[in-house]
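Undergrad: Here are the chains, one letter per residue:
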Amino acid sequence: MGSVQVKNLVKKYDKAIALKGVDLDIKEGEFYALLGPSGCGKTTTMRCIAGFETPTSGEILIGDKVVNNVPANRRNCGMVFQSYALFPHYNVFENVAYSLTIRDLYSGSLGQRIKTFGRLMSKRLGKPTKEIEKKVQDALDYVELGHLADRGVNELSGGQQQRVALARALVMEPSVLLMDEPLSNLDKKLRNTMRTTIRKIQQDLKITTIFVTHDQEEAMSMADHVAVMRDGEIVQMATPTELYSNPKDPFVADFVGSSNIYKGQVLKKNEKGNTVVKITDEIVLESETHTDKSEVEVLVRPEGIEIIREASTPKTENVVEAKVKVSTYLGPTIRYDIELDGMDVMVEEEFQPNTALYKEGDIIKVHLPSERVLLI
Amino acid sequence: MGSVQVKNLVKKYDKAIALKGVDLDIKEGEFYALLGPSGCGKTTTMRCIAGFETPTSGEILIGDKVVNNVPANRRNCGMVFQSYALFPHYNVFENVAYSLTIRDLYSGSLGQRIKTFGRLMSKRLGKPTKEIEKKVQDALDYVELGHLADRGVNELSGGQQQRVALARALVMEPSVLLMDEPLSNLDKKLRNTMRTTIRKIQQDLKITTIFVTHDQEEAMSMADHVAVMRDGEIVQMATPTELYSNPKDPFVADFVGSSNIYKGQVLKKNEKGNTVVKITDEIVLESETHTDKSEVEVLVRPEGIEIIREASTPKTENVVEAKVKVSTYLGPTIRYDIELDGMDVMVEEEFQPNTALYKEGDIIKVHLPSERVLLI
Amino acid sequence: GGNGDEGNEGGGSVSVYSPETPEMTEELAQAFEEETGITVNVSYAGTNNLVNQMIAEMDNPQADVWYGGGGILPFESAIEHGFIEPYTPEAVSDWDVYENDIKVRHEDWMWTGVEVFVLGLVYNTELVDEDELPETWDDLLDERWENELQMPNPAASGTATLLVLSQLMEKGEDEGWEYFDQLYEQMNAMPDSGGAPSQATGTGEAEMGVGFDFMAYQMQERGETVDFHVPENTPILVNPVSLVENGPNPENGQKFIDFMLSEQGQEIKADWKHIPMDPNVESQSPLTLDELQDSAMDLDIDWVVDNYDDVRNQWRERYQ
Amino acid sequence: MSSVNQDKQPKKDTKFRGWLRTIDSLKVMKWVVYLFFFLFLVLPLVSVFLVSFTGQPVNLLGSLVNPDIMATNIERLSNASFEHYSLLLGGTYFSALQNSLALAIGVSILVILMCIPLAYAFARTTMPYKKTLAALCTIPLIVPTFISAAGFIIMFGRTGWVNTMYQSLGFDGVLIDAYSMTSIVLIQVFFFFPFALWPMVAAFKIADISLEEASNNMGAKNWSTMVFITFPLAIPGIISAALLIFTVSFSDFGTPIILAPDGLNLIVVEAYREISGFFNWAGASILTIVMVAVAAIFFWLQRYVTKNMDYGTLSGKPKGTKLNDSKIVTRSLLVFTILVLVLPMSAIFSVLLQSFATTWGTGLLPRGFTMDHYATVFTRSGDNILNSILLAGGALIISVIVATLVSYFVVRENTSKLDFMSSIPLIVPGIALGIAYIQTFNTAPLQLTGTAFLLIVAYAVRRMPYMIRSTMGTMMAIKSDIEEAAVNLGASKLVAIITVVGPLMLPGIAAGSILVFVTVIKETSITVLMAPSDWAPMSLMVFQNLLRGEVYTASAMAMLIIVLVIILQTAANKITKNSLY
Ligand SMILES: Nc1ncnc2c1ncn2[C@@H]1O[C@H](COP(=O)(O)OP(=O)(O)OP(=O)(O)O)[C@@H](O)[C@H]1O
Ligand SMILES: Nc1ncnc2c1ncn2[C@@H]1O[C@H](COP(=O)(O)OP(=O)(O)OP(=O)(O)O)[C@@H](O)[C@H]1O
Ligand SMILES: [Mg+2]
Ligand SMILES: [Mg+2]
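Chains as they are written, first to last, in this note's numbering: chain A, 1 to 376; chain B, 1 to 376; chain C, 1 to 320; chain D, 1 to 581.
Hints are not guaranteed to be accurate.
As the list claims (entries may be wrong) - Listed below are the simulated DSSO-like cross-link pairs for lysine-lysine, each with C-alpha atoms no more than 27 Å apart in a straight line:
#1 A:135 / B:15
#2 D:322 / D:131
#3 B:127 / D:221
#4 B:268 / B:293
#5 B:123 / D:307
#6 A:7 / A:27
#7 D:30 / A:115
#8 D:574 / A:123
#9 A:27 / B:359
#10 D:221 / B:115
#11 A:135 / A:189
#12 B:278 / B:268
#13 B:206 / B:134
These are computed hints drawn from the structure, not numbers from a lab.
Input sequences plus hints: build the corresponding full structure.
TA: Below you can see the structure in the form of structure tokens.
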């Protein structure tokens with residue numbers, strides 16, 4: 001019942017077309033990440049699925065049922081809003097308990113319903129049931145906010161607010177869970193924990209999940225499938241590995257990981273079966289990718305480029321000299337912006353405490369292994 | 001004039017103590033990153049500096065002047081709000097032009113002021129000056145929003161709004177720039193561009209900058225100095241490299257990069273001058289770190305652990321057998337959660353298209369190079 | 001309200017709409033109840049409200065009897081609207097239309113007068129000496145009264161329209177309007193409500209105001225320093241009662257009207273300083289019908305009714 | 001909550017159920033609201049319209065069931081003519097319209113200018129004595145127009161105490177001519193300002209503080225932030241309030257009639273005269289239609305201006321509020337507030353004096369003092385107090401529910417029809433509305449005339465616009481994401497409105513409640529026509545006392561109303577925890 005299908009979804013605003021025909025096909029229990037640059041229509045897609053925007057055209061199916069005309073509160077889509085959308089007049093506990101309380105409001109005897117209603121109006125009018133209390137406390141503990149249950153939501157930090165929003169969506173155990181950048185304001189540690197939590201709940205309850213993120217690592221690590229969007233369209237849908245190693249076009253390649261992309265001319269196939277591509281007169285590379293085109297985009301990921309130090313065994317094929325322009329320290333890795341026959345190239349190397357760092361102006365040798373050179 | 005000093009800053013709320021005595025000393029033109037878990041007091045610190053919160057106690061100096069009693073509008077601190085705080089009744093252009101127009105309002109002849117006043121009331125009452133037009137357009141171009149100048153801010157996506165907020169703060173060329181997670185809602189690509197932009201402007205104008213982020217990579221790559229906060233206190237202030245390689249305590253170590261941290265007992269110094277530490281009976285490691293303690297925290301970063309494949313030269317010291325529990329694909333890297341004599345350890349390895357991935361249950365050999373084993 | 005409560009032990013109930021002093025109507029009602037056992041429900045409100053209410057209720061009338069309205073004008077307009085019906089009370093069936101030059105009943109008995117009202121001047125005794133009092137309406141133009149007078153606005157009040165009509169009839173159109181051109185200048189305010197000038201006189205806002213006799217006398221009784229003065233040749237009118245058409249209790253209504261005209265009813269009115277119609281009942285007011293005989297203007301009520309709207313519109317055109 | 005029951009019933013009769021399922025509870029409420037307005041507003045107004053042709057009552061509902069009534073109505077209609085419309089051609093009505101417009105626009109502008117600092121003071125500063133001042137600032141509302149004008153005359157009349165003092169200081173003539181347009185303007189400004197004040201307080205209250213911080217941060221001084229950020233964001237609320245004042249002033253006849261300056265010529269006074277003095281229903285209806293048309297134009301203007309101001313500043317990233325505690329600001333606002341209160345308070349003080357006076361003639365002070373009037377009031381009208389509270393309470397409940405829904409539909413679903421429709425009663429003179437009610441509900445099938453229920457409904461309809469004006473401003477400030485979240489969490493739209501939108505609108509509802517409750521308590525024009533004798537409220541007693549010339553008793557009663565309202569308001573504030581100030 002929790003599969004989600006979106007067919008040719010179009011959404012026009014007065015001044016802009018946000019979606020130009022989006023197709024998604026998400027099986028029950030799958031975890032889908034929606035990835036794409038700012039303004040590409042991720043939020044709009046989600047809002048259409050949740051029922052807050054009326055599509056200009058196109059169909060949305062949840063569990064084989066067209067839901068275009070089903071009101072939002074009957075879709076059972078939990079949603080974590082990009083803007084949090086916390087209820088300012090409720091405290092943390094009440095915010096999270098809301099969906100459960102509402103559920104109580106729609107069931108049970110009249111007396112109970114009146115009690116529930118009172119509770120919704122003011123916490124002074126009644127205590128939550130044991131069951132709600134427990135579920136909410138669990139959800140809050142999941143997001144590490146158990147100790148702030150009684151705090152007003154305007155007395156929280158940004159990240160705390162975001163976690164309340166997350167707990168609020170998780171607690172209702174929806175059949176479809178929509179999350180719009182639910183972790184954007186959290187630090188890496190917490191984010192890792194949250195990822196695991198979300199993933200665990202998702203797996204336990206088999207909730208079909210769509211997750212918008214601007215962080216490709218997040219998308220890659222959490223999702224069964226990733227859909228990459230651009231300009232109101234889905235560009236590629238694939239598993240994370242496939243996406244990374246077989247991007248459909250330079251945009252995707254670039255988007256799922258920083259890349260060096262250049263135009264190249266296919267020269268021939270050499271004896272090893274590798275394709276030989278000419279990028280500049282000086283730079284001619286071999287690649288294991290098979291291609292029929294004569295003009296290709298050549299893609300080398302920064303971490304695919306090896307810097308050859310004295311100690312290394314010399315390699316002949318695909319070794320080029322380059323000049324270091326900038327070196328940036330990134331913690332676990334170092335990034336060098338180098339110049340390679342007039343072209344700007346990014347190289348990333350693991351940081352080893354006792355290896356000397358190159359400085360601006362140093363001349364280095366780099367190796368572009370043929371298996372890391374992708375032709376698109 | 002743009003240095004910022006914070007002395008023993010304390011901020012109490014009704015229900016919580018947000019800051020317990022924060023000290024910061026930021027030289028003019030420095031780029032400082034404030035790093036710390038959600039709710040640790042980053043935003044509060046910023047708001048105190050900008051003048052929106054009255055500190056419970058403590059002093060704030062901007063350029064040698066105590067500003068505790070200087071109103072916010074005289075501090076010339078540009079601020080990018082965590083909640084964006086865009087003016088909904090102005091369009092993108094007007095939002096960005098606001099600070100410049102206000103400046104005009106306070107200077108110039110009466111006639112000009114009246115004109116400026118009109119312009120602030122409604123765009124129909126007057127055109128911005130050439131100068132403002134240019135500066136704003138430049139700022140918008142910087143954040144890649146030049147084409148949306150006339151859009152209402154309610155018609156932007158989350159990331160676009162964030163960029164407007166950024167442009168709005170940059171355009172005023174403040175003497176201190178405070179940025180509260182200005183990039184949290186942007187995708188990695190855009191974030192990289194923005195980082196470069198911010199950094200460039202900061203360098204060009206020599207603006208003292210405090211940058212809150214939850215992303216240690218961002219902090220590391222952009223900042224001259226990083227201050228790590230926890231629970232309303234500064235734990236360590238240092239340059240990025242120092243922070244990474246010489247964390248003051250396990251919290252910092254863990255926070256600036258994911259880490260494997262274990263308790264260990266110092267046994268002796270061996271012939272190479274390395275310290276020998278016992279973690280479990282089975283696992284005894286050498287480390288190049290010098291220490292006088294007998295009980296230490298042993299820290300090995302996931303990317304500091306090497307997986308030994310058949311082809312590799314056998315290394316004897318610090319080589320252990322382990323069992324793979326989970327493997328996670330992260331794009332450029334693969335993460336293995338392995339079990340090592342009952343301890344959970346994270347290992348990260350660069351992704352190579354033609355290397356086989358280990359699966360759950362595989363038994364592997366890992367090497368923990370002595371120079372990557374830190375003792376704290 | 002005022003819907004007749006059915007099922008009272010006596011003879012049912014009757015619903016009376018009246019703008020007259022509620023204590024007085026209450027007294028009338030009680031006396032009537034004692035006499036007949038019929039419950040009386042009195043609804044008290046301003047004349048205009050009651051009339052409007054009766055018009056609105058025409059499809060399902062709630063009132064049986066309507067008593068009072070500052071003279072006959074509202075009753076004349078009620079005939080046009082058609083919500084009152086004729087009734088000839090037994091006791092006064094011998095009345096002519098005009099008695100002593102005063103029109104005391106409608107030609108077809110649509111209404112019957114129960115008491116007499118005199119249009120005159122209410123003055124503040126602290127501000128006006130008795131010997132200064134104007135003999136005639138023309139004397140009001142004396143500069144002694146410049147900005148010291150108030151009269152109701154003829155564009156709104158029947159009382160004032162009556163004055164305008166009487167003067168126009170007396171003097172002819174041209175001269176009449178000339179008179180009002182000057183009188184208008186003498187006023188310091190022209191409130192819409194007929195009773196307001198009397199009130200203003202009481203507080204000293206005006207030295208003298210145009211009003212009916214009972215207004216002054218009732219104020220006097222409350223301790224205000226006012227008195228009433230009757231200039232020569234002034235309009236004198238009756239205050240009528242009528243039966244409402246298709247009222248819920250028509251028979252009880254008729255009984256109530258009979259009672260109002262009975263000696264007992266007339267005495268109660270006299271006690272409240274109204275000038276009674278019945279010559280056998282002694283008036284408690286300083287004014288009596290006999291004395292008034294000389295001051296009474298020969299008022300052609302039909303002319304008044306015919307020219308009512310016209311004069312009012314002319315007033316509006318001239319002075320607004 | 002219809003969905004609740006449906007879900008529980010066994011699944012049969014699928015077609016019908018399927019249809020039922022497409023209805024959500026909000027839609028049902030929408031129909032209920034429409035039905036309410038149709039019955040209690042449109043129908044009476046249509047009859048007003050028809051009356052403009054017939055000059056006689058038209059009973060639409062009765063015609064449906066009773067052939068006799070149908071026949072009379074048809075006959076009346078067949079005599080219909082445009083004759084009465086020729087009224088409009090006369091110059092006096094045109095100039096009356098001009099005068100009314102000038103007065104109402106002038107008063108609105110003055111009131112808004114006066115209220116901006118006041119509203120800011122109450123909503124956003126720590127001005128000292130705020131609670132007391134807030135209570136004082138509602139009092140002018142409570143005073144029936146007749147009484148306030150009378151109080152004004154006691155002060156500024158030719159023998160009024162202010163003028164007496166003025167003359168004793170050696171000046172000639174009077175300080176202000178009590179019987180002039182100037183004093184009408186003064187009374188309207190100083191007694192009507194709370195109509196605008198409270199909705200504006202609500203509008204300021206709901207603003208997003210971080211926007212102001214951002215402005216300060218970018219170098220704007222406090223006043224610039226006020227002018228360019230705080231103020232523009234409150235504009236929807238301010239315009240809404242201005243419209244309210246416009247209509248209140250435009251349709252106020254109490255003040256002009258009591259003060260009665262020379263050549264007074266206002267359209268509402270004309271309408272009142274037509275109907276009250278001369279029972280010219282047709283004329284009054286036509287003037288009413290003209291007034292409604294004028295109001296329509298202004299409503300359209302309001303909507304046009306605020307069309308794109310759906311700012312939604314109250315977002316789902318909640319922020320605390322902060323009050324301005326700058327000494328200079330709070331002190332000067334305090335002085336300003338006190339200055340504003342001087343005139344109405346002195347007028348009320350005069351009424352208070354009058355209520356203790358034996359009589360009050362030409363002297364500076366009353367001739368003597370007595371408690372008699374209060375004794376009279378208490379012996380005569382113990383029940384009336386309770387009646388007033390019950391009637392006003394009933395009207396309040398209806399208007400809270402309907403107004404919340406209407407604001408919601410108007411802001412979220414852009415149903416401006418409803419907005420306009422529900423605001424018409426502001427303009428229709430009370431007496432016209434009352435008459436329309438009587439003729440509409442006088443017979444079967446809905447014979448309600450003379451019941452307390454109809455009176456309550458009439459009060460609610462007549463005063464609801466105040467509630468709607470003030471809730472609308474707040475509604476516009478609530479970002480839709482919050483409500484979407486509620487729906488997303490399973491609440492039907494209706495439940496989302498009740499549990500989330502409603503509480504967030506509390507400042508607006510509180511502001512509106514004050515206006516509704518107080519104005520119902522003092523309402524006279526409908527009361528006089530429609531109050532059943534066993535439900536007579538205090539306002540009716542005041543009016544009747546005035547009618548009888550018993551001004552002293554009327555004053556005592558008015559003071560009693562004031563005290564009562566203050567007590568109730570204090571209690572309400574305790575309960576709602578001062579959501580307004
Ligand atoms: N109300 C609106 N009116 C006009 N255009 C809009 C409106 N809302 C969104 N848009 C536009 O539609 C496009 C898609 O917006 P959407 O919010 O879906 O982007 P997004 O992918 O979520 O971006 P982000 O990652 O920045 O949040 C954007 O270009 C935006 O400017
Ligand atoms: N108005 C308030 N009342 C009470 N406590 C508050 C208030 N505002 C913030 N806090 C608390 O103060 C602490 C610090 O908040 P702050 O906003 O500075 O955190 P932060 O470091 O910016 O976190 P994040 O990364 O989540 O934005 C938090 O624990 C928060 O709950
Ligand atoms: Mg988005
Ligand atoms: Mg923060």
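Undergrad: Next, verify each hint and record whether it holds.
TA: These are the hints, each one checked on the structure:
For a cut-off of 27 Å, the pair hint linking residue 135 of chain A to residue 15 of chain B stands: about 25 Å separates their Cα positions. For the proposed pair residue 322 of chain D and residue 131 of chain D, the alpha carbon gap of about 18 Å is at most 27 Å, so the pair holds. For the suggested pair residue 127 of chain B and residue 221 of chain D, the alpha carbons sit about 22 Å apart, so the restraint of at most 27 Å is met. Only pairs whose Cα atoms come within 27 Å are accepted, and residue 268 of chain B paired with residue 293 of chain B is accepted, the gap being roughly 11 Å.
As the CA atoms of residue 123 of chain B and residue 307 of chain D are separated by approximately 17 Å, the hinted pair is consistent with the 27 Å bound. At most 27 Å may separate the alpha-carbon atoms for a hinted pair to count; residue 7 of chain A and residue 27 of chain A meet this at roughly 14 Å. A threshold of 27 Å between alpha carbons decides the hint, and for residue 30 of chain D with residue 115 of chain A the separation of about 26 Å falls inside it, so the pair holds. The hinted pair formed by residue 574 of chain D and residue 123 of chain A meets the criterion: a straight-line CA distance of about 17 Å does not exceed 27 Å.
Proximity of residue 27 of chain A to residue 359 of chain B is assessed by CA-CA distance (about 25 Å); at most 27 Å being required, the pair is judged to hold. Restraint check: the Cα-Cα separation between residue 221 of chain D and residue 115 of chain B comes to about 18 Å, which is no more than 27 Å; the hinted pair holds. The suggested pairing of residue 135 of chain A with residue 189 of chain A holds, with an alpha-carbon distance near 25 Å, which does not exceed 27 Å. Taking the CA atoms of residue 278 of chain B and residue 268 of chain B, the gap is near 10 Å; set against the 27 Å cutoff, the hint holds.
Our distance criterion of 27 Å between C-alpha atoms is met by residue 206 of chain B and residue 134 of chain B, whose separation comes to about 21 Å.
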